[in-house]
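Build the complex from these two chains, which are given one at a time in their own frames, with help from the hints.
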Amino acid sequence: MNEHPDELLAEYVDGALGPEDRARVEAHLAVCEACGRDVLMARNARGALAGLAELGAPPGLALEVRRQARGSGGGGRAWRVVAPIAAAAVLVAGAIVILSQLSNGEEAARTAGGGGTEQPAAAPEAAPQEVGEAEAADVAGRRSPVPRYSESDTDYSNADLASLARRLRDEARAALDRGLARTSTEFYAGFDVSAFPPELRDVYRCVVAEVPPEQLIVPFAIEAASFQGEAAYIASFLQGPAPDQPYDRILMWVVGREDCSLRSLASQRL
Amino acid sequence: MNELPDQELVRRYLRGDRPAFTALMERHERRVYNLAYRMLGRPEDAADAAQETWLICLRKLSGFRGASAFTTWLHRVAVNVCLDALRSRAREQPADEEVEPPPAPDPTEGSAAAIDVQRALLRVPEEFRAVLILHDVQDVPYEEIAEALGTPLGTVKSRLHRGRVALARALRGEQPRGAPPSNLQETT
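Residue numbers (this note's numbering), protein chains in the order written: chain D, 80 to 349; chain V, 92 to 279.
What you were told as hints is all true, and nothing was included just to trick you.
Here chain D is said to cover these stretches of chain V; the calculated rule only asks that three of the stretch's residues, wherever they fall, bring their Cβ under 8 angstroms from a Cβ of chain D:
hint : segment
1    : 145 to 154
2    : 244 to 254
What follows is a list of derived Cβ distance ranges for each label pair:
hint : chain 1 : residue 1 : chain 2 : residue 2 : range
3    : D       : H83       : V       : E234      : 21 to 29 angstroms
4    : V       : R180      : D       : Q324      : 26 to 34 angstroms
5    : D       : R261      : V       : D230      : 31 to 39 angstroms
6    : V       : L244      : D       : G130      : 23 to 31 angstroms
7    : V       : G107      : D       : Q324      : 43 to 51 angstroms
In case anyone wonders, no lab produced these hints; they're calculated from the structure. We treat Cβ as the ideally placed atom computed from N, Cα and C, and that holds for glycine.
Chain V with its partners taken away, still in its complex shape (with noise of 0.2 angstroms):
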């Protein structure tokens, strides 16, 4: 089953074949948790926003018409479950609370560098983020990225320049600029 494509793994998945979704998790499920510890920065949070893209994929999969690669939707998913969960760790802390300490990196986080560019990932705005993360560590291609966040394809481009822009500013200690106005974001 491993060498089957997605779109026939979800095939199968639909028709009653229960082992097939567990093909499709065992193939993307580091890819899920990845996006998701690069988006959120906790281990544990990744871990929780993992598990709720693929229990979001299990109800939702019979709305997967298959217009779109499987990997497409289901960043698709797991990016609007991190936002969500950002927009939730949002509303705990308040406003004008300090901003919180950095949190504990993965154990397996590879090094110290590695350590210094996740965190400073997280003060890129989260928009940009989702951007940089998708086609600088996981090699989303552009389109794909568009057709997953539903955003035109310059806004995508402009995005991740801005994003890699505000890294670098954030790797160098300087405070990233934040989202420019919508306005400026939608480019076409």
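Next comes chain D alone, as it looks inside the complex (with noise of 0.2 angstroms):
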């Protein structure tokens, strides 16, 4: 073997050649200095690539292509238009901080055929029911935060909201006190949508459709609900200045069930 066997060396590295392919490749070796530091080097590189983890794809993503596929969404990625909207809510220091309504629903998706994904998850017309605060869903052996899930006859408005975000910031540092994640980070280390209950991972996925990828907020409690009239989720979310130190406020979001956009935002220090 003369040539360099560029070819061999992969599957060699891999520990997949036959005994035949293994001893002329070891041959050549023997005599090739280059070949063998790089099959040295190719170890390192395999076993660096290895140790990288699977990250999570961005929350929304799978509901924004739905979105763009009926052709209702706008175009391009909710979450860009959305992040400076989140962005000064968050800049207003002090107390309850509530933006004005921020669209009346006109482009509400309105889906052909019937497909049953295409919408959130179904309206609240069952008993109210809620899924445990920070439980963890126990999928395959892993655990993920799940939050707080439940539905209600209520129909908020925008003052309901300061209200509102005030009793869940006192239920957010209860939560806290009994180990919720403290951090983002913390958070989002054992996070993992598809191991939420069937009936919220749609509900979810509809909440957080504008929510900007970076992954800085951190999902608290979802009520179905109504505000001012219309079918809608209010969610309430947990920041910190970063994604590794402590929450410091609570967000209230207000998405159109149908539609899946929001209608108004909210803010209260922790």
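Put into structure tokens, the structure is as follows:
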């Protein structure tokens, strides 16, 4: 073997060669210093790549694809549009900040053919139900934090959001005392949407459809209710100044259940 | 629906069962996002590429004949989307401009070592990088990579080895050697 056997060297490093080819490669390596050095480097690189963790896909990606596919999403990524709004809310220090209502839902999706998953989760017809706050869904041995989910007949207004934010602030403080992950980094370390109960999965995807993908904010509770007469999810998120720093505020998001777009926003210091 | 094989989900979607496509996305969205992130190095570009990949899948799924695995087809679409994105990026950046600063890592990237590996990966020539990611990060077999990339099997193995060496050089702070002339790449 006079030429460098690049094709065989990959399989040699993988331990995938049969005895004959392995012997040929080893005979070559015995006389070719360059290939011997390359094999060592290839082993190092293979080990480095094998150590890369699988990252989570950004929240809302699937929903955005479905929205664009049916041509009602207005194009582009909704989270880029909304990110400055979230930032604005965060910049205002102090007590409750209520931003004006953001959308009247004119681009609400109308799904042709009634494809089930084109809609968010079912409207709250049944008796109120809850998935425990900061519970962990245990799937295939992995535990993922799950936001609290409830359904109610309450019709919220902007003014109601202020008192709701204060109540959730107190609940969040209590949850933190009981061991809820204290930073975004800690929370997302074990986070996996696929581990959510099926009925919560689409609700969650709808709620976070317009959340920036940087995962700086952590879902705390979601309530399927109404907002100014329209079916909406009232979601609360915890946010810190940086992913690895403890949360210092709670954000309230109101998201239309029909089109998953943001309707209103409030912020409260923790 | 989650236990159905990909081919069955594709078949159901083409018959009008829209949730079947959602199930396919849920099953593979991490794979597509990770491939895009490793290829492009920026979370926002990766999200765009992943989104574009799924939209192309939606548009072209009717042309999927099932001769190969769905994941093979999906990898082909995703890699092509990423290569297009890299070409666009290269066009937007004048040739004599300094190499752009390292991109901000995905905030969920676990360690400084992983960030270093990702940055080194971005210095590996693109055609090597795709093979490296598919094989060494995502455990895709040689044969499936060859089919996905439309490249001879021997070329895949050769690129894998050269890509690993290039990555190791980049990790050591050396300039990885560029892609060899095309007549050397297309060995079989």
